[in-house]
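Given these sequences and hints, build the entire structure.
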Amino acid sequence: MSILVGYLPTPVGEAAVVAGIAEARLRGEELLVVNSVREGALVDAAAASQEDLARIRSRAAEAGIALTLLDSSHRDDLAEEILGLAIKHDVSLIVIGLRQRSQVGKFIMGSHAQRILLQADRPVLAVKAGTRG
Amino acid sequence: MKHKAKGAATETAPGPGGTAAASGAAAGVSGPQGGTDVEAVADEELTPEELAARWEEDAAPPAGPQANFWASLVTLAIGIAAMVLSVQLDLGTPAEPRPGMWPFLVSLVIAVLSVTQLVVGRRGGRDGEKFSKLSWLAAVGFATLLALVALMPLLGFEIPAVLLCFVWMKILGGESWRSSILYSLIIVAAFYAIFILGLQTTIPHLF
Amino acid sequence: MDSLQPVLDGFGVVLDPTNLLYCLIGVVIGMLIGVLPGLGPAATIAILLPLTYGVEPVTAIIMLAGIFYGAQYGGTITSVLLRLPGEASSVVTVFDGYVMAKQGRAGTALGIAAIGSFIGGTVSIIGLTFLAPVVAGFALDFGPPEYTALALLGILLVATISGGSKIKALIAAAFGLLLATTGRDIFTGAERFTFGNLGMADGIDFVPIAMGLFGVGEILYNLEERHRAAAVPVKVANVWPSRADLKQSTGAIGRGSVLGFFLGILPGGGATISSMAAYAVEKKRAKDPSRFGRGAVEGVAGPETANNAAATSSFIPLLTLGIPANATMAIIFGALLIQGVTPGPQLIANDPELFWGVVNSMYIGNILLLIMAIPLVGVFVRILRVRGAILAPITALITLLGSYTIRNSMFDVLLVVIFGAVGYLMKKFGFEPGPLVLAFVLGSLLESNLRRSLLVLGGDVGGFFTRPISATLLVIFVVVALWPMVKAAFDRRKSSRHETSDNQEVKENA
Chain A
21 MSILVGYLPT PVGEAAVVAG IAEARLRGEE LLVVNSVREG ALVDAAAASQ
71 EDLARIRSRA AEAGIALTLL DSSHRDDLAE EILGLAIKHD VSLIVIGLRQ
121 RSQVGKFIMG SHAQRILLQA DRPVLAVKAG TRG
Chain B
367 MKHKAKGAAT ETAPGPGGTA AASGAAAGVS GPQGGTDVEA VADEELTPEE
417 LAARWEEDAA PPAGPQANFW ASLVTLAIGI AAMVLSVQLD LGTPAEPRPG
467 MWPFLVSLVI AVLSVTQLVV GRRGGRDGEK FSKLSWLAAV GFATLLALVA
517 LMPLLGFEIP AVLLCFVWMK ILGGESWRSS ILYSLIIVAA FYAIFILGLQ
567 TTIPHLF
Chain C
-14 MDSLQPVLDG FGVVLDPTNL LYCLIGVVIG MLIGVLPGLG PAATIAILLP
36 LTYGVEPVTA IIMLAGIFYG AQYGGTITSV LLRLPGEASS VVTVFDGYVM
86 AKQGRAGTAL GIAAIGSFIG GTVSIIGLTF LAPVVAGFAL DFGPPEYTAL
136 ALLGILLVAT ISGGSKIKAL IAAAFGLLLA TTGRDIFTGA ERFTFGNLGM
186 ADGIDFVPIA MGLFGVGEIL YNLEERHRAA AVPVKVANVW PSRADLKQST
236 GAIGRGSVLG FFLGILPGGG ATISSMAAYA VEKKRAKDPS RFGRGAVEGV
286 AGPETANNAA ATSSFIPLLT LGIPANATMA IIFGALLIQG VTPGPQLIAN
336 DPELFWGVVN SMYIGNILLL IMAIPLVGVF VRILRVRGAI LAPITALITL
386 LGSYTIRNSM FDVLLVVIFG AVGYLMKKFG FEPGPLVLAF VLGSLLESNL
436 RRSLLVLGGD VGGFFTRPIS ATLLVIFVVV ALWPMVKAAF DRRKSSRHET
486 SDNQEVKENA
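Chains as they are written, first to last, in the working numbering: chain A, 21 to 153; chain B, 367 to 573; chain C, -14 to 495.
Hint data in this document are derived by calculation from the structure and do not stem from the laboratory.
Some clues are possibly wrong.
[Unchecked claim] Derived Cβ-Cβ restraints for the label pairs, each shown as a range:
1) C:Val119 x B:Ile537: 53 to 63 Å
2) C:Leu322 x B:Arg488: 38 to 48 Å
3) B:Leu474 x C:Gly325: 32 to 42 Å
4) B:Leu520 x C:Val119: 11 to 21 Å
[To be verified] Facing chain C, a subset of chain A residues (Cβ under 7 Å, in silico):
5) Val57
6) Gly60
7) Ala83
8) Ile85
9) Ala86
Keep in mind it's a predicted model, so treat the numbers as computed, not measured.
A virtual CB, placed ideally from N, CA and C, is assigned to each residue, including glycine.
This is the structure:
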């Protein structure tokens, strides 16, 4: 069994990874980290650099977790991508980062996290930035 | 990767010759929807040959012998038709060339080269690209452009342009409903400001 | 060259505020589309042709030229920071430039590319300044037969040196010649291939063809974009190359300038071939070739210098002989024709302000490039974040609405769309659109010169071969045309000889 973490190179994403590692240790499961990049542009702020990925690998190694980095991209729907991966790998838990947003902000701009929370068929752990692991 | 596409319009890059196998690196090429998951690879150490080979892999497959056959047939038909029409325009003699002479020579060249290409390219080659499922996107794009041309005299450019932007972003580009509608309106508003208010051109407009 | 006066007057033209502004606009747009995937300088120049209607010829060409050599540098940015060449002429820069960036030397790579581009461009302009009047003076003695042979050779070279199927490129060129015959025949007034359509009576206009084939065609082609993974661009930390880097690159820059200058003059040559040749030369000359592909600064300096030098020198055949050296030059040729300027040997004499204005603008343009190169990188990287799905309809609308403004004619817009489809299909089936446009712009001039030649020679085609210049050109034409077949025959004989000797070996060892 494994845990899926949706990663972005932001404080929220880092917090998700930290939480994911902690959960993996608790449950004794494998960790899957996915950084899904949006197709269509050459540059994407959400894309993780090699340094980011290296940092994640070393953290996982320190904690003694088995880690797999998933390489993926999506056209428009990040939520669907993550949920699809969760089903495909039959994970026991999804870990995502949650940004602080007002209710109005969420309405206008939408939220991938919200859709994942509402549509997931398995437990979801939503983590805020700055949370201790 | 389509980086070669740009160069092809002006000067094509003679394909980087390279070794066929890309060592070690697992290439993650995914389809139009969703992604495949492959181990994130440390592919920083690809040598130029491997890089060129990777680009070659990622490039579209060549058009193939059937495409060559039909294309050559079409150009042959055009060449022959033009030859016939040119003869009707009166060829004249080398000393006194008439309007039909030059078109006749040119269309003769087209016809002869088409036959040559039919033979030479019968086993396909490395040129062209096969049509894929994604080619429908180009067809839809073309159709919307025609629709714009048809509707512009009737409705002005604003509404057809908004529709075109929306279709291109939502259907061809996979953007969300929200983004597509929002950006379409903003873009056409900007065009209105620039073309109608700013440059004062006489493009047919409704508002 | 009688005096330096016209050259100096040219600077006066350039320093005119409008011209300076258009030079700046051209260089910035050029860099931008060099960075952005999907549109190249030819397509952009085609799309912006309607802009040239409202300004002076000099101003228009200054801007279009700026787009052309600006794009050579723009493509370098994505090569170095993202390992993706933005232009075909920046492909080789990826090999060492990206590695340098990964080593933390992105600024060095970009800086050397900018400096090399500047020097290469400047050397090329100086070469142009001295060579162009000589060539033009020589060509003033050309009669119709010489011009006919030259135009034919030019078309053949451009069609055959491009990659891909040469026969298909020639078919495309011939088709361009055919399209040029539509409309009224200048000599006799007869209507050709108009099919009774009034819109076709004056022939097909150049601008819709160029905008359609290159502009819309490219846009439709890019709609079919396959999966493209976004990457994280390498951060540009250090700003400028060190003195040691500069010293190491001087040789490469010098060689690149000369190589690019000469390869750019050749029709069909150009920036792409120059950059590849420069890379090969540097690698061969290096005392330690294994450095290449691992961050050798010469691997960036040489090609980048060469491609800018070539982009500049490719103006020479256009401005002195009236023969475009590549598709982009063909479009600029068309732009000049729209303005009522016929490029050719008489251009320097008849319109020195235009000629020297354009040439000298390239100095200014190269300086602007050098100044803006590094500071604008951050802006361009941010612009790269805009998704293609949003850029595509914008460029489509610019093209279509722009094409309407030429003659306030929906028919033009329709032509643009139709030729867009033609351009797309041509690409898919392996026909180059470049030779078509090139042959199209040269078509009517070629035909009128051919007919005039026949009248002058009294119908005696052999007369082409008695005149020394046209004879030489036609012989070269025949050699270039037949070369592929000769080569193929040679290769077949060689391989069959190998087979028989292999068979003999097998028999002996059996």
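Here's how the hints hold up against the structure:
The supplied range of 53 to 63 Å is met by valine 119 of chain C and isoleucine 537 of chain B, whose beta-carbon atoms lie about 57 Å from each other. Checked against the hint of 38 to 48 Å, the pair leucine 322 of chain C and arginine 488 of chain B passes, with Cβ atoms roughly 40 Å apart. Between leucine 474 of chain B and glycine 325 of chain C the beta carbon distance is about 34 Å. The supplied range of 32 to 42 Å therefore holds. Hint check: leucine 520 of chain B to valine 119 of chain C, Cβ distance near 58 Å, so the stated range 11 to 21 Å is violated.
Taken as an interface hint, valine 57 of chain A checks out: its beta carbon lies about 5 Å from the nearest beta carbon of chain C, inside 7 Å. A distance limit of 7 Å between C-beta atoms decides the matter here; for glycine 60 of chain A the minimum to chain C is near 4 Å, and the interface restraint holds. Against a cut-off of 7 Å between C-beta atoms, the interface hint on alanine 83 of chain A is violated, since the closest Cβ of chain C lies about 25 Å away. The interface hint given for isoleucine 85 of chain A is broken, as the beta carbon of that residue sits about 24 Å from the closest beta carbon of chain C, more than 7 Å.
For the restraint placing alanine 86 of chain A at the interface with chain C, the shortest Cβ-Cβ distance is roughly 25 Å, beyond the 7 Å limit, so the hint is violated.
The structure is inconsistent with the numbered hints 4, 7, 8, 9, although it conforms to all the rest.
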